[in-house]
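Protein chains: 2
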Amino acid sequence: MSKKYAIGVDFGTESGRALLVDVATGEEVATSVHPYSNGVIDEKLPDSGVRLEPDWALQDPNDYIAVFKTAVPEVLRSGGVSPADVIGVGIDFTACTMLPVKADGTPLCNLPQFHSHPHAWVKLWKHHAAQPEANKINTTARKLDQKWLDRYGGKISSEWFFSKTLQILDEAPDIYQAADRLLEATDWVIWQLTGVETRNSCTAGYKALWSKREGFPEDAYFKALDPRLEHVIDQKMTRQITPIGQRAGGLTRQATEWTGLKAGTAVAIANVDAHVAVPAATVTEVGRMVMIMGTSICHMVLGAEEHLVPGICGYVEDGIIPGLFGYEAGQSCVGDHFAWFVENCVPAAYEREAEKRGISIHQMLEEKAARLKPGESGLLALDWWNGNRSVLVDVDLTGLLLGATLATKPEEIYRALIEATAYGTRVIVEAFENNGVPVKELVACGGLPEKNKLLMQIYADVTGRELKVTASKQTPALGSAMFGAVAAGKAAGGYASIFEAARYMSHLKDEVYKPVAEHTKVYDRLFAEYIQLHDYFGRGANDVMKRLKKIKAETI
Amino acid sequence: MSKKYAIGVDFGTESGRALLVDVATGEEVATSVHPYSNGVIDEKLPDSGVRLEPDWALQDPNDYIAVFKTAVPEVLRSGGVSPADVIGVGIDFTACTMLPVKADGTPLCNLPQFHSHPHAWVKLWKHHAAQPEANKINTTARKLDQKWLDRYGGKISSEWFFSKTLQILDEAPDIYQAADRLLEATDWVIWQLTGVETRNSCTAGYKALWSKREGFPEDAYFKALDPRLEHVIDQKMTRQITPIGQRAGGLTRQATEWTGLKAGTAVAIANVDAHVAVPAATVTEVGRMVMIMGTSICHMVLGAEEHLVPGICGYVEDGIIPGLFGYEAGQSCVGDHFAWFVENCVPAAYEREAEKRGISIHQMLEEKAARLKPGESGLLALDWWNGNRSVLVDVDLTGLLLGATLATKPEEIYRALIEATAYGTRVIVEAFENNGVPVKELVACGGLPEKNKLLMQIYADVTGRELKVTASKQTPALGSAMFGAVAAGKAAGGYASIFEAARYMSHLKDEVYKPVAEHTKVYDRLFAEYIQLHDYFGRGANDVMKRLKKIKAETI
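Chains as they are written, first to last, in the numbering used here: chain A, 1 to 556; chain B, 1001 to 1556.
For the record, the hints were derived by calculation from the structure and aren't laboratory data. For each residue, glycine too, the CB sits at the ideal point set by N, CA and C. The hints are all genuine.
The calculated lysine to any residue pairs, modelled on SDA-like cross-linking and capped at a C-alpha distance of 20 angstroms, are:
| no. | chain 1 | residue 1 | chain 2 | residue 2 |
| --- | --- | --- | --- | --- |
| 1 | B | Lys-1552 | A | His-519 |
| 2 | B | Lys-1409 | A | Ala-553 |
| 3 | A | Lys-552 | B | Val-1516 |
Per the computed footprint, the stretches of chain A lying under chain B, defined by three or more beta-carbons under 8 angstroms from a beta-carbon of chain B, are:
| no. | segment |
| --- | --- |
| 4 | 372-382 |
| 5 | 391-403 |
| 6 | 520-527 |
| 7 | 540-549 |
Please build the complete structure, drawing on both the sequences and the hints.
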């Protein structure tokens, strides 16, 4: 029997990536990236040139289809694989990335009468213009004592589904009116591939306030937000939510024309980039936390039971792995910290030294910082250069560096920033553990683990936990391919469940970062200092950071 | 009648400077700098090569005499002035810079049997090896409830006279025994010029615990420190202290050989560099604070009455201007901050830009920072990179920067550091005002005012006070010349008092930095935030800075 393959397609912010994977081993046979022609639309609309307001971020849904037309045929070609041997397709997406469509799935922006209307386009996850609507959603929820608010750490974000929906209604009631359906782009893409409209449990749970046991917030709540929104679920969405790991349908005739794949090829229910990376990081059980480490960190951990964990981003039953609660938390500034530091704070002498030695400045800083012992710099930082997501959920917090002297060197500041992000992760780990969600071990994926071994060791030392790294450098696409293999099912050469798929298709590197006892001892003391500052500045004892932001805002 | 002149000699850390001044106008006719051959001796003794321990800093008294042999003749020559027209000489010195000598004034280090003994040499102001002795002096003073401790903000320094004296006794009792006299180098130099041993009220008051009304601490206190020290005042010093502004004597025959000046030329009582700058900055009355701004700031203000001001360095009746109380406070890190920042935190791109534009990096940072409005950066710093002198008197405090975001630019940090030092000055100004010592206006001298107009404006805005700058760039030497003219007296063509001398010989620039009302309004709010952090980290609510230093110390 010939080898069987699955394809995962990962839709990022700037491009889509297709990955062709050997179902039996998880071997990554071929990959291809297709950059979106219209990229992130944040200044003016294509064609019409209509100007966007600040904080807007849109996309063109046709760019998603183009990924199937180019990147998928490309991996078949370069992998030398016959379409007959591809048994399943899965996708993952940024979220909440949503759009208004007609009943047949046509995006409103593709209709001539709406083409020059910003609200007719896809609102990208980082569209941040719906803050007033998010505020209204939060205050109304508190006023009506909505229990679901607790599932999201007590506050929902301007990035989420109903913030964006309410903004459309507020600013473009005609678009709201004209939209037969409002849905996540990830579900829309699956609809285009299969001809079947489905809604996945992951985005419904994490972004649209749905839960398996309680469904959506009641109509009365939506009515309180805006009377026109009372029946939004039944009019523009659906109450039928499909758990992650199911088959959505088979490829349509049109989709086979785009991709070159066979009609009827199994397609998995839609998924989200961060969440689909969890089984690709070998994690399908409780106790191991997956950290997707890049410019920011997304922390995900599975739990057998439902627990309220204050300050996390949310938890969803069936949200990551069917049958388990998927808990999500995050740090908003990690890799971004180091990029900021290198751009703004590294002296010319260091740049010259790195150049002379033929290494990158990041590499040289890591080398110099690695020579320092824990505690040796005398520095302590709060890693809030971009606010704090978990567990304080406060975008108005700002960065702090304490302990500088005239002898302080750049590599000491650099290391203090790394340590601060590690303390931030430890706060999250402890929040989970203190609230009934065990975290015994850490698994890292994303860009950072490849780049900075010192950072990995510091995370192990600070958290006192073993830290492992995924073998794949493209875990979201791999995870999507795994779900494709599950959608195909055992009979077709795939797997009966994501648990089984993970056993064969996902792998870790041999390298393990183990906590060094004498480092952990010092870091325990430094972490106690971090927590004291964290609570003093983050929990209201001294709101100086917010007052400075207010004064700053008044000067502009 | 021919023009009359006075010469001021300013003894710095690395060199001595002679300044020839027109007595009638204060015009600076000629100046000459003589670097000390042995400079700061902090590694090994000259000739013998005996190694010094860490924190030691010595000088060679013969280097002081060499200044009279070279720099004084040089100003006469280059100024084209006849020795007959020089009516007086004054000097000023670093302090406490002290040495052990024989009864005839011979420094012990000039005697063959002591030449290779470190304790026989001059201990420079920044000799920091007497901390254990300073601790003993402080704890003993508190135990014996010594009231004089309050005059020095509750704590005396390892740099001061009895710390150094006790170190000699502790570590080299033979040197202590062999020394007939222990005295400040500034008094020793006057002795060498005039043949008369005198002790000035400035160093006696600020460095040797003397006060006009109460004299020195009682013998019982010295006995409690060490029984051998019981009679130190009467055995090695004197209780006869001469107020600033008096004539010490006339130039000896030997001194005329060194200098080329006439025998009998009036010589003023010895003085200290910072304090002598006050009348040279036109200040001889209450209400105007003089700030000597360089790597650090020394703040001096005159008061008509005696007041305890917590956290200042000290106050001395007749210490600066006869008949008034001279109050002194300080900030330990000002110019040093900016030097640290430029060396460690300015990115290569900025260096390239400055180079391209042909300006210094300091100049470019000032230019960029000047474009920001108060409060615009959102940053706030505590200026404790080198501890805090006034008003917290705590070397173990460290620097803090708060409010950073991913958009924070180097010039914003640079400006925040300038602002932090201005807040530090405002704390001192308010400490004086709240305790009965008025400060209505500021007068700046030293290196910084010339270099950074933005800094000057920020100080005016933050303190809400007018800031003026001295016309002279060498205020200590000018002040010394002024006291030389006073020592000569009116009949000889000089002045009857320092008040009169200041009216004619000292000048301010026309330029005045006036507080801008809308800036001051914002800075008032930022200063309130500064104070809250200052007190939280500086007064014991959270001793994290000290704990970090302790952890750091344990790693070494």
